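Residue numbers (my numbering): 1 to 318.
Any given hint could turn out to be false.
List time: in silico PhoX-like cross-link candidates among lysine-lysine, alpha-carbon distance up to 25 Å [to be verified]:
no., residue 1, residue 2
1, Lys199, Lys237
2, Lys151, Lys199
3, Lys28, Lys58
4, Lys54, Lys108
5, Lys54, Lys151
6, Lys54, Lys40
7, Lys40, Lys7
8, Lys199, Lys58
9, Lys108, Lys77
10, Lys77, Lys40
11, Lys114, Lys77
12, Lys114, Lys54
13, Lys74, Lys40
14, Lys40, Lys28
15, Lys20, Lys74
16, Lys20, Lys58
17, Lys237, Lys180
18, Lys77, Lys58
19, Lys120, Lys74
20, Lys120, Lys54
21, Lys74, Lys108
22, Lys7, Lys28
23, Lys180, Lys151
24, Lys180, Lys120
25, Lys58, Lys7
26, Lys20, Lys7
27, Lys108, Lys120
28, Lys120, Lys151
29, Lys120, Lys77
30, Lys120, Lys58
31, Lys114, Lys58
32, Lys28, Lys54
33, Lys40, Lys58
Keep in mind that the hints were calculated from the coordinates and are not lab data. Since this is a predicted model, take the numbers as computed values, not measurements.
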Amino acid sequence: MDCVPYKFCEDVIGSLDMTKSDWEDDAKELTGLWRIAAEKYAENLCILEIAVWKDQGKWQCNFQAHWETPEDMKLPKSIGELLAMDRRFIRIKKVIAGRDADRPLSGKVFAISKNDLVEKLIPFLNAQCLSSCAHYYTLQGSPESRDEDLKVFLRYGNFDHLYITYYGQHSEDYLLAQAKNNTRLGQLELIGAMPHSEKVEDFLIDLLRRPTHLQLFINARPGSLMVTIRTVEDVLKRWCETGETRFIYANSNVTEEELLALTVPEGVSRYVERGNREYMTYVIVNWRTETESFLRCRLEFSDRHRNAVISELNLDIA
1 MDCVPYKFCE
11 DVIGSLDMTK
21 SDWEDDAKEL
31 TGLWRIAAEK
41 YAENLCILEI
51 AVWKDQGKWQ
61 CNFQAHWETP
71 EDMKLPKSIG
81 ELLAMDRRFI
91 RIKKVIAGRD
101 ADRPLSGKVF
111 AISKNDLVEK
121 LIPFLNAQCL
131 SSCAHYYTLQ
141 GSPESRDEDL
151 KVFLRYGNFD
161 HLYITYYGQH
171 SEDYLLAQAK
181 NNTRLGQLEL
191 IGAMPHSEKV
201 EDFLIDLLRR
211 PTHLQLFINA
221 RPGSLMVTIR
231 TVEDVLKRWC
241 ETGETRFIYA
251 NSNVTEEELL
261 ALTVPEGVSR
271 YVERGNREYM
281 TYVIVNWRTE
291 TESFLRCRLE
301 FSDRHRNAVI
311 SELNLDIA
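All chains, please: the whole structure from these sequences, using the hints.
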């Protein structure tokens with residue numbers, strides 16, 4: 001293996017899309033040029049978290065180091081400095097569109113023009129994101145302003161985790177566009193009072209039919225978007241056909257009677273568990289195939305909420 005050129009070793013090591021600790025561990029097992037390349041990435045890797053938001057109608061930007069970035073790493077203080085860095089060693093872990101009050105700022109805050117955001121930063125993000133990259137969308141402002149901002153971020157689609165606050169119709173349009181264009185999306189968290197509609201439910205079902213192992217969380221107020229028996233039935237049908245499961249945690253109007261009324265496919269057995277835990281009661285309907293593949297739907301009931309959790313049986317749910 002040491003007979004290949006160093007450049008080849010470096011290119012292969014860099015293409016692995018790993019973290020600093022991964023490369024440090026690999027370096028201990030490698031020899032020669034491969035070890036040198038792994039050590040170089042471990043020493044120079046810069047994993048960034050990027051925040052972009054509007055302040056009085058003007059775009060602002062901030063770069064922060066992810067915890068795996070070396071403490072003495074010099075961070076860029078402008079879009080120009082970022083683009084001038086050696087891209088072999090830059091990875092993007094998190095992109096926040098909006099000002100997160102729970103995220104204290106460190107590093108320099110600088111102005112960025114809309115043109116630089118669209119033509120420079122977003123293409124850079126699409127090229128440099130880690131395989132596991134989260135996008136938080138919490139932009140504030142008027143409905144017209146948020147609609148315009150969502151259109152800007154439609155150009156960014158290289159992430160697998162999306163956390164989005166509901167603002168109105170433009171939020172739904174953004175989700176539909178991401179579902180169509182972003183093939184990496186694996187975890188979706190909807191926050192806020194997104195109203196239930198057949199259009200949005202169709203969108204969620206289409207998303208859940210993807211071959212990726214999607215996780216869906218809906219943190220919404222009662223009376224808003226929820227999981228219905230139609231969604232559960234579609235997940236059950238797909239699981240029977242492909243063996244693929246989904247994790248869904250959401251408000252629900254599904255009843256035990258509706259779950260038990262679902263047809264049990266041939267070769268599948270079903271059993272029910274009931275119990276109490278602290279402030280809630282729960283019902284778990286379990287399906288199992290002859291090959292020991294499991295799917296379960298857990299309904300939780302309390303005075304405060306009513307949730308449905310659909311998951312694999314062996315998945316630990318807090």
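Verification of the supplied hints:
no.	hint	verdict
1	Lys199 to Lys237	holds, 21 Å
2	Lys151 to Lys199	holds, 20 Å
3	Lys28 to Lys58	violated, 48 Å
4	Lys54 to Lys108	holds, 15 Å
5	Lys54 to Lys151	holds, 15 Å
6	Lys54 to Lys40	violated, 37 Å
7	Lys40 to Lys7	holds, 12 Å
8	Lys199 to Lys58	violated, 34 Å
9	Lys108 to Lys77	holds, 6 Å
10	Lys77 to Lys40	holds, 24 Å
11	Lys114 to Lys77	holds, 17 Å
12	Lys114 to Lys54	holds, 10 Å
13	Lys74 to Lys40	holds, 16 Å
14	Lys40 to Lys28	holds, 13 Å
15	Lys20 to Lys74	holds, 16 Å
16	Lys20 to Lys58	violated, 35 Å
17	Lys237 to Lys180	holds, 22 Å
18	Lys77 to Lys58	holds, 17 Å
19	Lys120 to Lys74	holds, 21 Å
20	Lys120 to Lys54	holds, 17 Å
21	Lys74 to Lys108	holds, 12 Å
22	Lys7 to Lys28	holds, 20 Å
23	Lys180 to Lys151	holds, 15 Å
24	Lys180 to Lys120	holds, 23 Å
25	Lys58 to Lys7	violated, 43 Å
26	Lys20 to Lys7	holds, 20 Å
27	Lys108 to Lys120	holds, 19 Å
28	Lys120 to Lys151	holds, 16 Å
29	Lys120 to Lys77	holds, 15 Å
30	Lys120 to Lys58	holds, 17 Å
31	Lys114 to Lys58	holds, 8 Å
32	Lys28 to Lys54	violated, 45 Å
33	Lys40 to Lys58	violated, 39 Å
Violated hints, in rising order: 3, 6, 8, 16, 25, 32 and 33; the structure is consistent with all others.
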